[in-house]
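If you're matching them up, the sequences are chains A and B in order. For the first sequence, the working numbering assigns the number 23 to the initial residue and increments by one for each residue that follows. For the second sequence, the working numbering assigns the number 65 to the initial residue and increments by one for each residue that follows.
Think of the hints as simulated: they come from the structure by calculation, not from any bench. Any given hint could be a false lead.
Unchecked claim - Here's a subset of chain A near chain B, in silico, CB distances under 7 angstroms, partners left out:
{"#": "1", "residue": "Pro54"}
{"#": "2", "residue": "Val55"}
{"#": "3", "residue": "Gln72"}
{"#": "4", "residue": "Gln74"}
{"#": "5", "residue": "Ala103"}
{"#": "6", "residue": "Pro105"}
Claimed, not checked - Cβ-Cβ distance ranges computed for the label pairs, FRET-style:
{"#": "7", "chain 1": "B", "residue 1": "Leu257", "chain 2": "A", "residue 2": "Ile159", "range": "15 to 23 angstroms"}
{"#": "8", "chain 1": "B", "residue 1": "Val188", "chain 2": "A", "residue 2": "Leu27", "range": "43 to 51 angstroms"}
{"#": "9", "chain 1": "A", "residue 1": "Tyr141", "chain 2": "B", "residue 2": "Leu129", "range": "25 to 33 angstroms"}
{"#": "10", "chain 1": "A", "residue 1": "Ser68", "chain 2": "B", "residue 2": "Val144", "range": "16 to 24 angstroms"}
{"#": "11", "chain 1": "A", "residue 1": "Asp139", "chain 2": "B", "residue 2": "Thr178", "range": "25 to 33 angstroms"}
{"#": "12", "chain 1": "A", "residue 1": "Arg24", "chain 2": "B", "residue 2": "Leu129", "range": "21 to 29 angstroms"}
{"#": "13", "chain 1": "B", "residue 1": "Val188", "chain 2": "A", "residue 2": "Ala154", "range": "56 to 64 angstroms"}
{"#": "14", "chain 1": "A", "residue 1": "Pro100", "chain 2": "B", "residue 2": "Gln246", "range": "39 to 47 angstroms"}
{"#": "15", "chain 1": "B", "residue 1": "Ile137", "chain 2": "A", "residue 2": "Gln46", "range": "51 to 59 angstroms"}
{"#": "16", "chain 1": "B", "residue 1": "Pro141", "chain 2": "A", "residue 2": "Arg52", "range": "26 to 34 angstroms"}
{"#": "17", "chain 1": "A", "residue 1": "Ala151", "chain 2": "B", "residue 2": "Thr178", "range": "40 to 48 angstroms"}
{"#": "18", "chain 1": "B", "residue 1": "Ala241", "chain 2": "A", "residue 2": "Thr56", "range": "46 to 54 angstroms"}
{"#": "19", "chain 1": "B", "residue 1": "Ala241", "chain 2": "A", "residue 2": "Arg170", "range": "34 to 42 angstroms"}
{"#": "20", "chain 1": "B", "residue 1": "Ala239", "chain 2": "A", "residue 2": "Arg137", "range": "29 to 37 angstroms"}
All C-beta atoms in this analysis are idealised placements derived from N, C-alpha and C, irrespective of residue type, glycine included.
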Amino acid sequence: MRSQLTTIAALLVIGGLCGLALTQTYESTRQPVTENRIRQAQALLSELLQRQAPVDLQWQQGVANACGDWQFVRGTSPGYAGPIAYLALLQNQHISLRVTRHQETPGIADFIDHRKDRYLAEQDNTAIADWAQLDNISGATITHKALRGMAARAQTQLHNTREQYPCEQNPTQANPSRETQSEVQQGEPTSES
Amino acid sequence: MKYNRANQPVSPNDFTHAAIANNPAWAQLLGLCPLLAVSNTVANATGLALASAFVVIGSNTSISLLRRIIPDIARLPCFVLIIATFTTLTVMLLEAYAFDLYSRIALFVQIIVTNCMILGRAEVFASRQPVGRALMDALGTAVGFALALLLLGAVREVLGQGTLMADMDLLFGPAAAALQLQVFAVPPLALALLPPGAFIIAGLAFALAQSLGSTAKATTPHAEAQKHP
């Protein structure tokens, strides 16, 4: 009985020390981590928009600037190894798209990671009607199918948002958004693919 | 003679043994997953080497300090908890202060927690030795792993990318960008950057290290005396 109590006490001490170190470091790094995420998200938005993106974008149900000349839409599409998170720019019936998070097979699905492959950058500003007709990538059928479906999903999401927050009533900011700019990225790509 | 005897004083041998003779990469073939995956450039290799060094030094020292209160029956979960804590601290610090590098090697920093090299040193050495010796062993292990990473990183970057020390600014700030050397205008072996190239180059490098080690052993006075009694 006594040895069991000793073991439990030892485990509590070790767990407590580890927890203390983690919480203290989390508190001291929270500010720079948040700033880095916002900076990265802003850089991605600006890359898609090909000019400096507004820093005060208001997001409603994953859509920003729903009633403007262009719209950002973020969402997910089911891939081979789980949901693939994307960020799309819709502009005059054309789409530019980046994958922000995925767990697809490294090596095979590298083409959807804009940090490793220029495939998505080369498709920038593709007509939405043509996006679904992109040539398949051999060996990554399901991943590519998810990619081709993202344009339609983004359009549907935009349509639903506009229905819920009609532009006539609230031209640009129907409701104050609780979504923050740093959530655009929804975390870094979890796979190194 | 068994090497890991308890209650020996701190000795430089602990360092050299862990770094060279008992090198985690070429002698024990441990931690190969991050070693092969991240050693495609010197910058990535340096980042992982620093992260691994922080974890192995921190965890070895902590485990040695806590070795008298860590229950024997639950020692492995305790080791993993301590190693996971240091790995998470590394991830937080990298994300806060070296974000661009973190974006490139995040996955492999996170799996340091499952690195057999670190758990192995905790179980075999740190949990049975005083802090001084555990620290020397951790320093040796970290330096040995860094040597293997940097060697592979340099060879693979030169052959596969034609450069040496590119992107060092991700680690050490804008001034470090000037460290980049252009060795080849056209990379002579693009395969070196890919996983098969990593296996081939690592295999050749480890064979060379083993060969040099065997030669050194054969030429020591002790070995000579055994040959010619």
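Going through the hints against the structure:
Among the interface hints, the one on Pro54(A) holds; its C-beta lies about 4 angstroms from the nearest C-beta in chain B, closer than the 7 angstroms criterion. Annotation: interface hint on Val55(A) holds; nearest CB of chain B at approximately 5 angstroms, less than 7 angstroms. Restraint check, Gln72(A) versus chain B: the minimum CB separation of about 21 angstroms is more than 7 angstroms; hint violated. A hinted interface residue such as Gln74(A) counts as satisfied when its beta carbon comes closer than 7 angstroms to some beta carbon of chain B; here the least separation is about 20 angstroms, so the hint is violated.
With 7 angstroms as the threshold, the beta carbon of Ala103(A) stays out of range of chain B, its nearest partner Cβ sitting at about 14 angstroms, so the hint is violated. Using the Cβ-Cβ criterion of 7 angstroms, the hint placing Pro105(A) at the interface with chain B is not satisfied: the shortest such distance is roughly 18 angstroms. Distance hint check: the CB atoms of Leu257(B) and Ile159(A) are about 20 angstroms apart, consistent with the given range 15 to 23 angstroms. With their beta carbons about 29 angstroms apart, Val188(B) and Leu27(A) fall outside the hinted range of 43 to 51 angstroms.
For Tyr141(A) and Leu129(B), the hinted distance range of 25 to 33 angstroms is not satisfied, since their beta carbons lie about 50 angstroms from each other. Hint check: Ser68(A) to Val144(B), Cβ distance near 42 angstroms, so the stated range 16 to 24 angstroms is violated. Checked against the hint of 25 to 33 angstroms, the pair Asp139(A) and Thr178(B) passes, with Cβ atoms roughly 28 angstroms apart. Look at Arg24(A) against Leu129(B): about 24 angstroms separates their beta carbons, and that is inside 21 to 29 angstroms.
Taking the beta carbon of each, Val188(B) and Ala154(A) are about 57 angstroms apart, inside 56 to 64 angstroms as hinted. Checked against the given bound of 39 to 47 angstroms, the beta carbons of Pro100(A) and Gln246(B), roughly 44 angstroms apart, stay inside it. The beta-carbon spacing between Ile137(B) and Gln46(A), approximately 29 angstroms, falls outside the hinted interval of 51 to 59 angstroms. At roughly 28 angstroms, the beta carbons of Pro141(B) and Arg52(A) sit within the given window of 26 to 34 angstroms.
Between Ala151(A) and Thr178(B) the beta carbons are some 47 angstroms apart, a value that agrees with the proposed interval 40 to 48 angstroms. Distance hint check: the CB atoms of Ala241(B) and Thr56(A) are about 27 angstroms apart, inconsistent with the given range 46 to 54 angstroms. Checked against the given bound of 34 to 42 angstroms, the beta carbons of Ala241(B) and Arg170(A), roughly 39 angstroms apart, stay inside it. At about 24 angstroms, the CB distance of Ala239(B) to Arg137(A) disagrees with the hint of 29 to 37 angstroms.
Hint compliance for this structure: hints 3, 4, 5, 6, 8, 9, 10, 15, 18 and 20 are broken, all remaining hints hold.
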